[in-house]
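Q: Chain by chain, the residues:
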Amino acid sequence: MNNQLKQQLSEFLDDQLDAQTALNLLREIQDDKQLALTLNRYAAIGHALKNTPPIFDDGTFLAAVSAQIQQEPSYLLPTQSKQTHEPRRYQVLAAAASVALVVFLGTQTLHQPTTRESVTNVALSDPKHLTTAARPNAKEAELAPLNERIHDYLQAHNNGVYTSSDPGLHQAAKVTAYSK
Amino acid sequence: MIPPFCLIFALFFFTAGLPAIAAPTDSANATQEPPLTGKQILQKTAQSLRHSNFQGTVVFLRNGKLEPMQYIHAFNDGLEQERLLSLNSPLREMVREAGKVSCFYQKSHYQRVEHPPFNRSFLVDLPADIGILETAYAIELAGEENIALVPTYVIHLNPIDKFRYPRTFWVEKRHFLPLQAIVSPLDGTAIESDPLEQMVFTDFSVKDHIPFVDIQPTQPPDPFNQITPLPITAANFAVERLPLGFSKLFFNRRLMHNEARPVDQMVLSDGLAWVSIYMEYKKTGLAHTETAENISIPPVGAIHFYSRTLGDFEFTVMGDVPPKTVKQIAENIQLRNRQ
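Which chain is which? The protein sequence lines are A and R, in order.
As numbered in my numbering, residues 1 to 180 make up the first sequence, in order.
As numbered in my numbering, residues 1 to 339 make up the second sequence, in order.
In case anyone wonders, no lab produced these hints; they're calculated from the structure.
All C-beta atoms in this analysis are idealised placements derived from N, C-alpha and C, irrespective of residue type, glycine included.
Among these hints, one or two may not hold up.
Stated by the list, open to error - Derived lysine-lysine pairs resembling DSS-like cross-links, with alpha carbons at most 30 Å apart:
1) K39/R - K282/R
2) K324/R - K6/A
3) K65/R - K6/A
4) K173/R - K65/R
5) K207/R - K33/A
Stated by the list, open to error - Negatives, chain A to chain R, calculated, CB over 10 Å:
6) N3
7) Q4
8) L5
Take the sequences, apply the hints, and build the full model.
A: Here is the structure:
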């Protein structure tokens with residue numbers, strides 16, 4: 001994939017592409033599965049990394065899009081003939097649906113109760129709480145052993161710690177390595 | 001400039017030419033075969049999760065944070081390998097295969113290897129025999145919905161008491177793979193709008209074959225990650241009056257927190273929810289929070305904690321269950337007299 005296409009995908013997601021170019025890009029996406037996958041990936045990465053309300057932060061509009069998706073899936077069903085060409089392959093590449101989903105999840109993230117966010121802040125999120133050095137004040141010093149312990153408990157309990165982007169959890173993993 | 005929603009809908013129509021989203025013959029078959037029950041669908045899901053080759057982009061929502069990851073599941077010669085690649089920092093790759101979970105951090109080149117007692121999927125935990133869930137959950141086929149335009153069965157697991165959370169699975173109808181799973185709060189309201197935890201695929205594909213990745217250890221085994229399974233009776237504590245459906249599955253003694261004295265861990269489960277009981281010696285010379293009695297630590301997603309001291313030991317009970325469950329379990333722990 002050339003850089004121009006990548007640039008266009010990025011601009012498309014940022015709503016900065018002019019109408020004609022956008023339509024041309026969509027036609028290319030129709031013919032190029034890899035391009036559709038890339039668009040999907042860019043959308044997921046972009047929204048997650050920004051950690052801000054993504055392209056569409058209007059809940060009403062999102063709800064309308066989601067409702068429309070639910071109401072009109074039959075328009076997108078493949079034909080019988082295409083099924084016979086690739087009976088096993090089961091690609092799901094509806095990039096727009098993915099964008100909507102990620103946006104929906106992102107919105108949910110923003111609407112999480114503050115109590116849960118405070119859990120992160122207090123218990124796990126600050127890497128300083130998990131290291132044995134650099135504890136600048138008494139309060140952090142008090143929290144550190146407990147947090148380290150809880151982290152270890154979590155890690156022994158299930159795999160969820162690895163699927164978290166919480167920097168505190170992974171900081172602890174590095175400390176473990178260095179301390180050997 | 002085209003309005004954004006026009007582009008979205010245009011994209012929908014253009015992607016309509018892509019390969020199958022649902023088999024057109026599904027509806028025809030459905031008329032010939034009796035409809036599946038929720039339990040049957042979940043049973044097929046449990047098998048499909050282990051025996052399928054599939055991959056995609058999965059998003060985890062835990063503790064209010066969004067984590068998109070690339071997911072690959074391979075099944076060859078009776079063995080499975082599950083991989084997750086993070087899309088956010090810290091960049092890392094997790095691999096689960098027979099009896100081992102490895103996590104490799106790209107930046108530091110640190111590799112952590114765990115040997116968990118159970119082969120639990122990164123995606124969802126489903127027991128091999130779904131029937132054991134019926135002790136504590138009512139399994140209900142609630143309907144059908146689309147996830148990322150894919151038709152799915154919606155399966156509710158409604159707990160029969162308040163000692164566990166309701167869960168919902170969206171199971172793709174063709175290959176019986178879970179495209180979405182949520183853990184809901186106890187109040188049962190707004191199941192989809194405010195889950196405690198959520199996993200959802202934004203795209204996925206099923207393959208005929210996916211090769212295993214050969215994982216080579218980059219460093220010697222870490223004694224702090226070694227687990228020694230022991231019989232349940234070896235525990236220096238007993239816990240009685242467990243909530244309905246929970247049973248003791250596993251006990252081990254292991255080193256933790258870079259300390260010399262081992263920590264005991266007992267694992268309980270009702271088939272979906274998992275609870276760990278940790279027992280370790282009280283420490284001296286540390287801040288008071290370390291030895292606080294009967295403390296309740298704030299939850300992490302659906303996971304709640306409860307700690308109490310008993311004699312010279314400190315117990316912490318944790319799991320993806322409501323606070324009252326960890327508290328009840330903790331309060332029913334007794335030290336064994338080993339004289």
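Q: Against this structure, judge whether each hint is valid.
A: The hints, checked one at a time:
Distance check on the hinted pair: K39/R and K282/R sit about 45 Å apart at the alpha-carbon level, beyond 30 Å; violated. For the hint pairing K324/R with K6/A, the CA-to-CA distance comes to about 51 Å; that exceeds 30 Å, so the pair is violated. As the CA atoms of K65/R and K6/A are separated by approximately 27 Å, the hinted pair is consistent with the 30 Å bound. For the suggested pair K173/R and K65/R, the alpha carbons sit about 29 Å apart, so the restraint of at most 30 Å is met.
Pair hint K207/R plus K33/A holds up; C-alpha atoms about 16 Å apart against a cutoff of 30 Å. Separation of N3/A from chain R is adequate, the least Cβ-Cβ distance of about 21 Å exceeding the 10 Å criterion. Remark: the non-interface label on Q4/A is consistent with the geometry, its nearest Cβ contact in chain R lying 19 Å away (cut-off 10 Å). Non-interface call for L5/A relative to chain R: holds, since the shortest CB-CB distance, roughly 15 Å, exceeds 10 Å.
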